[in-house]
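**Student:** Letter by letter, the chains look like this.
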Amino acid sequence: MDYDRALELFEPVLGFEVHVELNTRTKMFSDAPNFFGGEPNTNVTPVDLGLPGTLPVVNEKAIHYSISLGLALGCSIRPSSRFARKNYFYPDLAKNYQISQYDEPIAYDGNVEVELSDGRLFQISIERAHMEEDAGKLTHVGGSTGRIQGAEYSLVDYNRAGVPLVEIVTNIIYGADRDAPELAKAYVSTIRDIVRSLGISDAKMERGNLRCDANISLRSRQSVADALAAGDPPPLGTRTETKNVNSLRSVERSIRYEIQRQAAILDAGGTIIQETRHWHEDTGVTSAGRPKSDADDYRYFPEPDLLPVEPSLELIESLRAALPEAPAIRRRRLREAWGFTELEFQDVVNSGLLVEIEETTAAGASPAQARKWWTGEIARLANAASVDASSLVSSIHVSELIGLIEAGELTDRLARQALEGVVAGEGSPIEVVASRGLAVVSDDGALIAAIDEALAAQPDVLEKIRDGKVQAAGAVIGAVMKAMKGTADAARVRELVLERAQQ
Amino acid sequence: MTDLTRLSASELSEKLQSREISSVEVTRAHLDRIAAVDGDIHAFLHISKDAIDTAEGIDVLRRIGEDLGPLAGVPIAIKDVLCTLDMPSTAGSKILQGWIPPYDATVVRKLREANLVPLGKTNMDEFAMGSSTEHSAYGPTHNPWDLDRIPGGSGGGSAAAVAAFEAPLALGSDTGGSIRQPAAVTGSVGVKPTYGGVSRYGAIALASSLDQVGPVTRTVLDAALLHDVIGGHDPRDSTSLRDEWPSFADAARAGARGRSLEGVRVGVVKELDAPGFQAGVSQRFHETLELLAANGAEIVEVSAPNFEYAVAAYYLILPAEASSNLAKFDSVRFGLRVNPVGGGTVEDVMAATREAGFGPEVKRRIILGTYALSAGYYDAYYGSAQKVRTLIQRDFASAFDKADVLVSPAAPTTAFKLGEKLEDPLAMYLNDVTTIPANLAGIPGMGLPMGLAPEDGLPTGLQIMAPARQDVRLYSVGAAIEALLEDKWGRTLISQVPELVTR
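These protein sequence lines map, in sequence, to chains A and B.
So that you can map any letter, position 25 of the first sequence is 76 in my numbering, and since no number is skipped, the others follow by simple counting.
So that you can map any letter, position 6 of the second sequence is 12 in my numbering, and since no number is skipped, the others follow by simple counting.
Any given hint could be a false lead.
Stated by the list, open to error - Below, a list of computed lysine-lysine pairs in the DSS-like style, where the Cα atoms sit at most 25 Å apart:
{"id": "1", "chain 1": "A", "residue 1": "K515", "chain 2": "A", "residue 2": "K255"}
{"id": "2", "chain 1": "A", "residue 1": "K137", "chain 2": "B", "residue 2": "K21"}
{"id": "3", "chain 1": "A", "residue 1": "K255", "chain 2": "A", "residue 2": "K188"}
{"id": "4", "chain 1": "A", "residue 1": "K137", "chain 2": "B", "residue 2": "K369"}
{"id": "5", "chain 1": "B", "residue 1": "K21", "chain 2": "B", "residue 2": "K116"}
{"id": "6", "chain 1": "B", "residue 1": "K100", "chain 2": "B", "residue 2": "K55"}
Since the hints were derived computationally from the structure, they do not count as laboratory data.
I would like the entire structure built from these sequences, with the hints used as guidance.
**Tutor:** Written out as structure tokens, the structure is:
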């Protein structure tokens, strides 16, 4: 159904569960390295494999990170919180239970301020942030989809098993209305900015460091009106939970899609099935996952192998004192420091590239250039590839690229080619410039030779210039640039041609 | 020449230190004894191939003047619930048949560091679920006092091994009496330390909040010497205590030397002196109390009204934790794998493996525990059981206000016949009625011989309990009681065990 029509008929109700992988040196409950990549099943210890007799030991750093995150989300920190076992059988779960937190999460009752593209602020209330361990990774082999349905067999890699996670759960979000997709994106982007500024996660969505499960339900505006008229609380619709959303852009798209899908079903008199939905980046649709009932019974009980987590007040206060500034204050500070107009700055915020530009600037680039490249060429490439810009190139490399431009060694055009090489994994900008031979030719000798050649083909040009028709130089410049395959500095060529006309 | 297998570990220790005997001689004597009698006893599931080599190495260390601990060179049997790098570790279950762990349990590592000589792995009820060793997947162990009778359980193998002189020392594990009840029915000594006093790392978990590893021996001093080796903080076990423990061996020696209970307040728990107990057990218990009183002890009656609910609470907490602990046995990473006929999904393989790999008692408890943790039943079962646990802890606290140690029979009966209670799980469960409260409260308890029951000539056991962290009292009081009883009898109880037919 058309989005506008869907919003006319229905009110979307949202809820988010964001999982943040912490970048501690070792895992949540073992001393195995917490490291992305590596040969399958190499970053594991007997504890991660759940071998008989092994016991978990809590990573103290992960506790500190979780408390910092809780505080940054405006949460209260529980003086004593407990781990609990969440019991279910699945081959990626080595012990067939996940150590998580249940009724006593470490952080609860928080609030996150989110800014929409037009500058409106939205308060999202946080129910809890709790600690848990990640599961291993299944690869389904055989079958066409790479999913478990139709696969011949599955491989398990436990490298990720036991990676520390914090799961941030929002309270139910009402009132987003037609801004729901944008709000979702802005929320996840804000969480990403927070964890990055805390330095507790690599926060790369495409790597699964940051994962968003979006719960969406619709309720008809009529039903809300009726309930309110009768003095009842308006009922909630049946929700779905969209998973596999691997970029900020997908967060927005998937929610928009899911609103339209649900609206079409409801409007046709159908019912929504409570289930997980799997987002497909390529086709832009969600498909049915497993049914999810409220009665899923995980037989939670307090983890008897671990003691309660009881952070001292001193620890909590020292972590609070070390918190980076709040996002709103930070935005104000950066806008002033960078000297951007309101519009330019909003553009940066909306593109979700604040941290990248900050990092690029910190690495030595001018704010204006950093903004130009991130929100321009890099964003364009990212959009074309349907990934987040930050996944294409590092801030250090962008800064290096800008450095080359500012030193006159690259033209914008050459820089775009160099960027292409960096994105393709050919190395740093300097390496790509060397290997692709992209450096601006500043040797006047080579330029003069090319100019001579061009003038020989167009002998009347110099005459025209002397007659005051300076624009005639353009034809020669074009020919030189073509002959030099773009490695010439056009401004210098122009200077040389004009000099020649005066001789 | 003396039969080396008849000597206690402390006697062996003296002769080893004076170089009167070698560890190889001691080890060979025990291996010969195992070869001669274990066909009838079936205490062992696996005999180490390295024992003689290990003993030889220790003899070399002694020859070159290395400073060795008191138990260096003394052989020891290890309950099969403990992980050993060099021997299969099955916990008495088919599902782990042949599984050799890639690590030693912390207690096993400590044995090796103290230069004890592991002889092999001892039989047990599958996953330590049982009071008779009849639930071992590898056949029952027989009581050396009467081969038609049970040796107690779950650690019947360890108790029978020391009672049959196959080993001077053994390790056991005690979740609800698995060290103390076998000690009682085989005329040996067994200690369940304070919860957290000995590391659980590498002990295949039954019920994590109740399990505790401890010594199984023929004398109180030997138990103390072994406790000194295996105790202490382990960073791999989060529930392990950081206490500095006194020397238990010193306490035992002092107790035996003093042979006095002057000023010791000995509490008799009214609820554990029940009319339902076997007459000979009650008789020996009351005679022992008279002996203690005659030697200066102040006998006080204490009441623990909530002990009535201990067995019921225990049989909710244990199955609940066990149902989760045993979920990892799913064929994916280790152990038995059964592929259903015609293939199937991973769930089918897990189900077929667990169906074939677990015995009936294990399945019974997994089902009980799964049910007790289910949504809607949690509060009524697991929740209530935890409340009972708190009440029992309070009962102990008020009892220890009036008494320094508490005493009771260590088991309500002498050894019953093999097969007698196999069809009646409830009757089997009630055999642990006197030992379970200590596990629920986390306090230490000792079982030691208090005479043969007149009606059947079989051993009866006394249980001594002390407040948490006061294990040292068990050894000083236990050694005094042991010495007074042996003075009265004119010999040790174990010296009266019938000669076994050797092959």
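**Student:** Hint by hint, say whether it matches the structure.
**Tutor:** How the hints compare with the structure:
Distance check on the hinted pair: A/K515 and A/K255 sit about 57 Å apart at the alpha-carbon level, beyond 25 Å; violated. For the hint pairing A/K137 with B/K21, the CA-to-CA distance comes to about 54 Å; that exceeds 25 Å, so the pair is violated. Our distance criterion of 25 Å between C-alpha atoms is met by A/K255 and A/K188, whose separation comes to about 17 Å. Under the criterion of a C-alpha separation no larger than 25 Å, the hint pairing A/K137 with B/K369 is consistent with the structure, at around 20 Å.
Proximity of B/K21 to B/K116 is assessed by CA-CA distance (about 22 Å); at most 25 Å being required, the pair is judged to hold. Restraint check: the Cα-Cα separation between B/K100 and B/K55 comes to about 22 Å, which is no more than 25 Å; the hinted pair holds.
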